[in-house]
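Protein sequence lines, in the order shown, are assigned to chains V, Z, S and R. Position one of the first sequence corresponds to residue 1 (my numbering), numbered consecutively onward. Position one of the second sequence corresponds to residue 1 (my numbering), numbered consecutively onward. Position one of the third sequence corresponds to residue 1 (my numbering), numbered consecutively onward. Position one of the fourth sequence corresponds to residue 1 (my numbering), numbered consecutively onward.
Quick caveat, the hints were computed from the structure, so don't treat them as lab data. Keep in mind that a hint or two might mislead.
As the list claims (entries may be wrong) - Derived list of chain R stretches under chain V, where covered just means 3 residues or more per stretch with a C-beta under 8 Å from a C-beta of chain V:
1. 131-138
2. 173-186
3. 227-236
Positions of the beta carbon are idealized from the N, C-alpha and C atoms, including for glycine.
Protein chains: 4
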Amino acid sequence: MKEKLFFSSDYMEGAHPNIINRLAETNMHHTVGYGLDEYSDSAKERIRTACGCPNAQVEFLVGGTQTNATVIDAILRPYQGVIAANTGHISGHEAGAIEQSGHKVLCIPSTLGKISAGQIEEYIADYYNDDNHDHVVAPGMVYISQPTEYGTLYSLRELTDISSVCRKARIPLYLDGARLAYALACDENDVNLKDLASLCDVFYIGGTKCGTLFGEAVVIPDPNLISHFFTIIKQHGALFAKGRILGIQFDELFKDDLYLKIGRDAVRFAHRIKTALKENGYQLFFDTPTNQVFCVMDNKELVEFGEKVVYGFWEKYDSDHTVIRLATSWATKEEDVDSLIEILKKR
Amino acid sequence: MKEKLFFSSDYMEGAHPNIINRLAETNMHHTVGYGLDEYSDSAKERIRTACGCPNAQVEFLVGGTQTNATVIDAILRPYQGVIAANTGHISGHEAGAIEQSGHKVLCIPSTLGKISAGQIEEYIADYYNDDNHDHVVAPGMVYISQPTEYGTLYSLRELTDISSVCRKARIPLYLDGARLAYALACDENDVNLKDLASLCDVFYIGGTKCGTLFGEAVVIPDPNLISHFFTIIKQHGALFAKGRILGIQFDELFKDDLYLKIGRDAVRFAHRIKTALKENGYQLFFDTPTNQVFCVMDNKELVEFGEKVVYGFWEKYDSDHTVIRLATSWATKEEDVDSLIEILKKR
Amino acid sequence: MKEKLFFSSDYMEGAHPNIINRLAETNMHHTVGYGLDEYSDSAKERIRTACGCPNAQVEFLVGGTQTNATVIDAILRPYQGVIAANTGHISGHEAGAIEQSGHKVLCIPSTLGKISAGQIEEYIADYYNDDNHDHVVAPGMVYISQPTEYGTLYSLRELTDISSVCRKARIPLYLDGARLAYALACDENDVNLKDLASLCDVFYIGGTKCGTLFGEAVVIPDPNLISHFFTIIKQHGALFAKGRILGIQFDELFKDDLYLKIGRDAVRFAHRIKTALKENGYQLFFDTPTNQVFCVMDNKELVEFGEKVVYGFWEKYDSDHTVIRLATSWATKEEDVDSLIEILKKR
Amino acid sequence: MKEKLFFSSDYMEGAHPNIINRLAETNMHHTVGYGLDEYSDSAKERIRTACGCPNAQVEFLVGGTQTNATVIDAILRPYQGVIAANTGHISGHEAGAIEQSGHKVLCIPSTLGKISAGQIEEYIADYYNDDNHDHVVAPGMVYISQPTEYGTLYSLRELTDISSVCRKARIPLYLDGARLAYALACDENDVNLKDLASLCDVFYIGGTKCGTLFGEAVVIPDPNLISHFFTIIKQHGALFAKGRILGIQFDELFKDDLYLKIGRDAVRFAHRIKTALKENGYQLFFDTPTNQVFCVMDNKELVEFGEKVVYGFWEKYDSDHTVIRLATSWATKEEDVDSLIEILKKR
């Protein structure tokens, strides 16, 4: 029996071969725990260099929801909440992890996953203009994602504007880079790692969806921003005992600029799939430049399609149609893209 | 330069060779995420079989503190706390992770890491006998560890008595098995996995310290105990995206009873070290049967010792002495034990 | 100098004369604490009778935000959130009190403060239809207010429908009656206390805005709904030491149906004010039947108006206008309403 | 039938006559809400004067547990806990209110309710000396009570020493003055309000047990200590709508030094009772100088005693004896003390 094609998500395989090999090769070395080992040191140093911020604090955590919950809890005071797009991962897809540590997500409407400097500025102004704002959760930080949950990108201009608004209001800007490698691999992208380090107060470089078995690298350009972050990580159950496993993975990911290259094929494949969809009369739900492709499918057709392709359910479109997501990744093979396109042609 | 000997802890290396090989071998297979894959299914089935509880819910989490915080939060209601030894891992070494989710740890004094059925019974009775108990946190579950943080073991008799007290009081018994493989490998031990499954309401089988890169397997013999555990895991940032990485590791750990055998050498080595310590006039701080050795060292001697051996600081003994911990593990080599013993002889 | 007219809110004075007199009269009686006294018993019994639910658990808390936070925390499990109108008091005006105890407010858009059975049904259906709903906060209860924050009322038909949806989904319905006396005093209202007791799973009868110095009476028709509510109240800092002070106040409020009558003048006065506003060419922001009047004022005119009348700021209307709230209460005097209307006429 | 004598606690009656009269007298005055009224202003000013700290922030909350939970949550960061005596009110008698907001109570053993500067210093030193202290909750503030839960007093010398240790360690000292009036009324006491204001970083002046219907006045000598305290109070459900009711009560309590005198008779009565107990052969459980008397009673005798006197259960002494508490208060009448002493004589 022929195996199905896997396009449901970007975390369906193990790790980039360089990483799995290095893990095997270093397996029996002895190191101390909790990320105080030499592999972690090396990885942190590579990341600092790549980001152009030699003093940055870099910490490795396991997954995205965990990282978001830990960072946000570390930054906010009890009376503060975090501004985010209503489509932000923290707003609706983290099972209440932000609220679990006592903080409110202050949602503002997004456009294709993005929020603007103007919207943030207005939110903050409205807060201060409200005579009763002492009865209301104060905006204490801003959360955005790059690429967004919809695969869209903030331009350097947009990000600079958001950063300015945050700095004027003296609230930190936090960027979720779960799929950052796919942003960095896009022609449309004009924001590099150094830009992130200069415009954000905290951001994380995603590993789980970008080539590692797991792991996210939190970068804090000004190491004084968060006091006792190590203990807060521990308290959130996010301190990894064998920290070197994270260190080794990110050390590989930032060796020879692998992170900058690892998403290129995925983005190219996504473009091929989008083109094929359009050529074959499918409606793109939104047309976004990174590794996620969203399209509308007839429910009947979807049954047959699902027998050949593992896809992601996104949302109901109408009673007869469904929005699905097809995601490529560093692990996607060109031959599987070819096969997928063949299936789309047979419509 | 000669490398130091590593005896500081039991999480200083990668994974058992079977595990690292299987991870490499399966690396590019496609699976769905979040532990719904076939590797996880197989691992869960092997664990159910090993524990003799075919209906058990089994979930894989990443680390011990995370597992404790998630399980305890899933079980307790807001007005309840968890009874634990004052030396329990949750009492003092998890950076307030239990309190972070709103629950109080109700400490009772331990004897070498253990608490007794009688103590628990008395705590519960005192609570109900207090006229003002409605103003006090109610005991809602019991936490114990096997082996304990001090390396000691509950006997089957002791565990049975604790279980009876809990069931009479209708509060769940939760057992932390972070180092469970080293208990199972001891001659002194008379509690097997099936006993745990019949006497505990929840327990976890430790992976991180017992042969995996990371991972703990939570076993809930009665799958109705916790509602929506998956969402609670997600909320605690403990849901692992590439769940199959956990599944593969535990599948290997429970293939051909590896988990029952993996701690044997470690325990034998610990006995050799304890014997050598005693023969060379060192004072054991406590004499416990598993893979952790605690002894008192003169501070001056310790400086020299530390140049050759990486040990664990346990606590200050007096102004001139320190209690140190020497831990063996599945990864310890006999030749390193030989070298350590040589060093001890040269006193 | 002439004193200003006070129409800014409904909690600007002390208590109904009957209440303040009874407090003075009983001042030196000895009772036990924490609401276990005979005054509290009598008040609870009167409330049970008024609500037609002889077995109800009745508890007295101090204020609205406290009551909402305590009740919601008592009902929800960690993985659950509370459905509410985006204009609900808990959504935006409680400084994150619900999130403080770890729960997400699941907002749905309101129409003049109200949400419909259909919206709730759809929200719940969408949750269950989402393939990934295990990653999302589960709807665990519904919060509505009567009258709403905008002064509008649910009809008996609407409330019955909402109750049916909740019961079908097996999630409790909670009604915030902070200003309930003003609903009960309206001709437009067709929902009485017995209806509330039969349709809601929990509701509270507001005292603070309806004649007491402070205090809200939580009614739980089925006393088995919440376990250990007393301890949860204590944990939330909401247990009142001299409980009899609450008991005495509610005992007076429910003597001779005072609660049913106490809002009548306030509602009549609000109608007079609305009529005067309309007759004098002011725009009502919304036209609602209870004791709150919302109108649009020119900012220049407002300066002068504010010298004579203490009003409530509601929100900015446009750059030249402001929405203000004028509230009447049990304490409003007809002569002050006359004076206010005179001022409005002088436009 | 003769009424029983009430000596069970110090919150069994209403308020001091001056207070209840003033509440009645001001009942229909209009004021703004939330403590921004002129009565609250006046009360705050009187308290600042009495404490000799003209810039202090003063806020009125409702009850003790609420005040403790709110203040502690406002001060601590997530990775910090509060050092307290194991007998402290927050340690065991607040139903987990401190843990509910995510913080651990770091208990140290007390001597008759007190902890010493030396113990605190050692706790902090041990924390910093622990190589693994990053895995442990950091001491972030110190909580003590005056008088303690056992009725004992810190001397000026002891309090000065504790304050020095805290300031050296840069952690705030918080003093719970639930029964402060009874300390201030003792001959043995050498700590006045100005001392508290100069040695503590936050403290509260108890009203509930010292003459008000309810209410505690939090004093923060340096108003910059806590940012956005108002919002944090609101978030904890502790913001009182009709704030003037608190203001009026504390305005009376600090008029003509009433607070300094209100506990005098209570302390004198407690001395009379202790003398009578000793003269009649009863064993004092501890002999403390304030308004609480603790003695050991034979269980059989207690049955008869309980028919005439409402006393407080403290704890079981042995199988035949019970420790009871007899509390006097501002409301106790000399004739009731006479009657109690008669009963004790009839042994």
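Going down the list of hints, with the structure as the test:
1. 131-138: Since three or more residues must qualify, the claim that chain V covers the region 131-138 of chain R holds, with 5 doing so at under 8 Å.
2. 173-186: violated (count 0)
3. 227-236: Coverage by chain V holds here, the residue count being 7 at a Cβ distance below 8 Å.
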